[in-house]
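J.: This is what each chain is made of:
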Amino acid sequence: MFDLTGKIALVTGAASGIGEAVANTFARSGAFVYVADIDAENGERVATEIKHGGGQAEFLKLNVADDADCQNAADVVHAAHGRLGILVNNAGVGHVGSIEQTTGDDLDRLYAVNVRGMFGLTKAFIPGMLKRKYGVIVNMSSVGGVAAVKDRIAYCTTKFAVVGFTKCLALDHALNGIRANCICPGRVETPFVKARINEYADPEKAYREMAATQAVGRMGTPEEIAAAALYLASDEAAFVTGTALLIDGGFTVGK
Amino acid sequence: MNYSEKVVVITGGTKGIGEGCVRAFIGAGSKVVFCARDQEEGKRLASELNNGGTSEALFIKCDVSQPDQIESLVNATVHKFGRLDCLINNAGWHPPHKPIDDFTVEEFRELLDLNLVSIFAGCKFALPHLRKTKGNIINMSSLVGAMGQLFATTYVATKGAITAFTKALAIDEAEHGVRVNPISPGNIHTPLWQEAIDLSSEPETARAEGDAAQLVGRMGTTEEVAKLCLFIASEATFTTGVDHVISGGAELGYGRKTRIS
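Chains as they are written, first to last, in our numbering: chain A, 121 to 375; chain B, 35 to 295.
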């Protein structure tokens, strides 16, 4: 069950954190995985580790904010395999601040990657998916895509947009064999988050405070988010489209 | 996906989504105790599943509108298998559609007992055991619990309440390590749905309308819902209090809804 054997998948932001876990999980489930990222060093590392583990992967340098890069990714994948079955739009950037500490440029920078990047890469692959009447798209939103998170005004604005983008994609192409869903993770302990925590004067206190916003009292792991991406990407989820799947350890329950 | 050696209780397990869950969890290596009111169907399914000489599936007759019977079901499970890892509160009923004028107050109360109080009771009696295993509960709600549905006030009320109840319980149980999640299926082609089709004056039209309610142009299958349950039970370890919509996109977009001609 949840087998991706024979499927070609592309995961953006796959050089670290949730994207890396998704790439690893998909490869273990039998997919050929394009490890796409702007970070060549870590992207190559992830692809190499997958191959050493017996999986199939290839690094693909990709800046999703660049339309030419997106088209190049589609050309590379189609030249090698003739198709892409699964697209995971995971790449994203963050910013901390209320509107007072956020500039228009900050919002533009987040929008360029989190929304426009997702749009651009999806636009590059959707014609091929429509032609073959098969395509599964999994977009990374956030709890910040369905609920307000303090001091994340630019981030939440873009992540709410991801939910809207996903639902419209699902609506427009449901009869063409395309499914689109997004995942809304709560706090996840990625290398990025760990680094931010270590910047606090008292990292342990910062960890406790971040863990405490989840009812379960801990942060999630990248693997837990990857498990959901695998479920949504698999044909077992054929009846699931247009959903925003929360995996938040109870971040959004209660008040 | 693997859920082997886990002990799972599934209510309403002889038909529809419940039967799909029983089969999926047995397939994943679990020991499954399932209940229904119909003893004959239950025994038949259990004997089919235990055909290989195993005794992984156990049927217990139980009317979930009787809380003492649910308590016995849970106790019998723990007595037989020594533990409990997952409770799937699936049993429920959708009455024929009619306006509020035609529902009696007593009918509403009876449906509350069957669809909602049964879930409260199941959770209450199972939780002491689930806390020991840091297990999880899946409660069967419905897409219409959040959206409403024509001539289905009583059913929609019970399903909306199930989702709300489940979120509240998720908060309380987080400190015990028990995850509690609702599922909201759209139209799933179950025997209950087929019964509605058969009772309709134009069965073919009824089926076609049932299929057309989803963007994907078909109803879901019981297997698809069962696989979502299996995912939640075995893999969704950071997920609690989250409503899981499995609807073929039924709630997306907008279009002609008015019945005013």
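Keep in mind that the hints were calculated from the coordinates and are not lab data. Computed from a predicted structure; not experimentally measured. Positions of the beta carbon are idealized from the N, C-alpha and C atoms, including for glycine. Do not rely on the hints blindly, as some may be mistaken.
What follows is a set of in silico ranges between Cβ atoms, one per label pair, in the way DEER data are often shown [said to hold, decoys possible]:
1. A:Leu291 / B:Pro225: 25 to 35 Å
2. B:Gln228 / A:Ala332: 41 to 51 Å
3. B:Ala242 / A:Ala332: 44 to 54 Å
4. B:Ser38 / A:Asp187: 41 to 51 Å
5. B:Pro133 / A:Met121: 19 to 29 Å
6. A:Asp159 / B:Asp72: 51 to 61 Å
7. B:Ile205 / A:Asp123: 30 to 40 Å
8. B:Ser38 / A:Glu169: 40 to 50 Å
9. A:Glu220 / B:Asp245: 33 to 43 Å
10. A:Lys251 / B:Glu238: 41 to 51 Å
11. A:Glu329 / B:Ile205: 31 to 41 Å
12. A:Glu319 / B:Pro225: 49 to 59 Å
Among chain A residues calculated to face chain B with C-beta under 7 Å, some are [what the hints assert, rightly or not]:
13. Val283
14. Lys287
15. Asp292
16. Ala294
17. Gly297
18. Met330
19. Ala332
20. Val336
21. Tyr351
J.: Each hint needs a verdict: does it hold in this structure or not?
T.: Hint check:
1. A:Leu291 / B:Pro225: 25 to 35 Å: 30 Å, holds
2. B:Gln228 / A:Ala332: 41 to 51 Å: Since the Cβ atoms of glutamine 228 (chain B) and alanine 332 (chain A) sit about 48 Å apart, the hinted range of 41 to 51 Å holds.
3. B:Ala242 / A:Ala332: 44 to 54 Å: With Cβ atoms ~51 Å apart, the hint holds.
4. B:Ser38 / A:Asp187: 41 to 51 Å: 48 Å, holds
5. B:Pro133 / A:Met121: 19 to 29 Å: 43 Å, violated
6. A:Asp159 / B:Asp72: 51 to 61 Å: 59 Å, holds
7. B:Ile205 / A:Asp123: 30 to 40 Å: Given range 30 to 40 Å: holds, Cβ gap about 35 Å.
8. B:Ser38 / A:Glu169: 40 to 50 Å: 28 Å, violated
9. A:Glu220 / B:Asp245: 33 to 43 Å: The hint (33 to 43 Å, Cβ to Cβ) is violated, given that glutamate 220 (chain A) and aspartate 245 (chain B) are roughly 52 Å apart.
10. A:Lys251 / B:Glu238: 41 to 51 Å: Once the Cβ atoms are compared, 33 Å apart, the range 41 to 51 Å for glutamate 238 (chain B) and lysine 251 (chain A) is violated.
11. A:Glu329 / B:Ile205: 31 to 41 Å: For glutamate 329 (chain A) and isoleucine 205 (chain B) the Cβ distance comes to about 19 Å; the hint is violated.
12. A:Glu319 / B:Pro225: 49 to 59 Å: 58 Å, holds
13. Val283: This interface hint is violated because 12 Å lies over the 7 Å limit.
14. Lys287: Lysine 287 (chain A) check passes; min Cβ-Cβ to chain B is 6 Å, inside 7 Å.
15. Asp292: With Cβ-Cβ at 9 Å, over 7 Å, it is violated.
16. Ala294: 4 Å, holds
17. Gly297: 9 Å, violated
18. Met330: At 14 Å from the nearest chain B Cβ, methionine 330 (chain A) fails the 7 Å test, so the hint is violated.
19. Ala332: Alanine 332 (chain A) check fails; min Cβ-Cβ to chain B is 11 Å, beyond 7 Å.
20. Val336: At 5 Å from the nearest chain B Cβ, valine 336 (chain A) passes the 7 Å test, so the hint holds.
21. Tyr351: Because about 5 Å separates tyrosine 351 (chain A) from the closest Cβ in chain B, which is inside the 7 Å limit, the hint holds.
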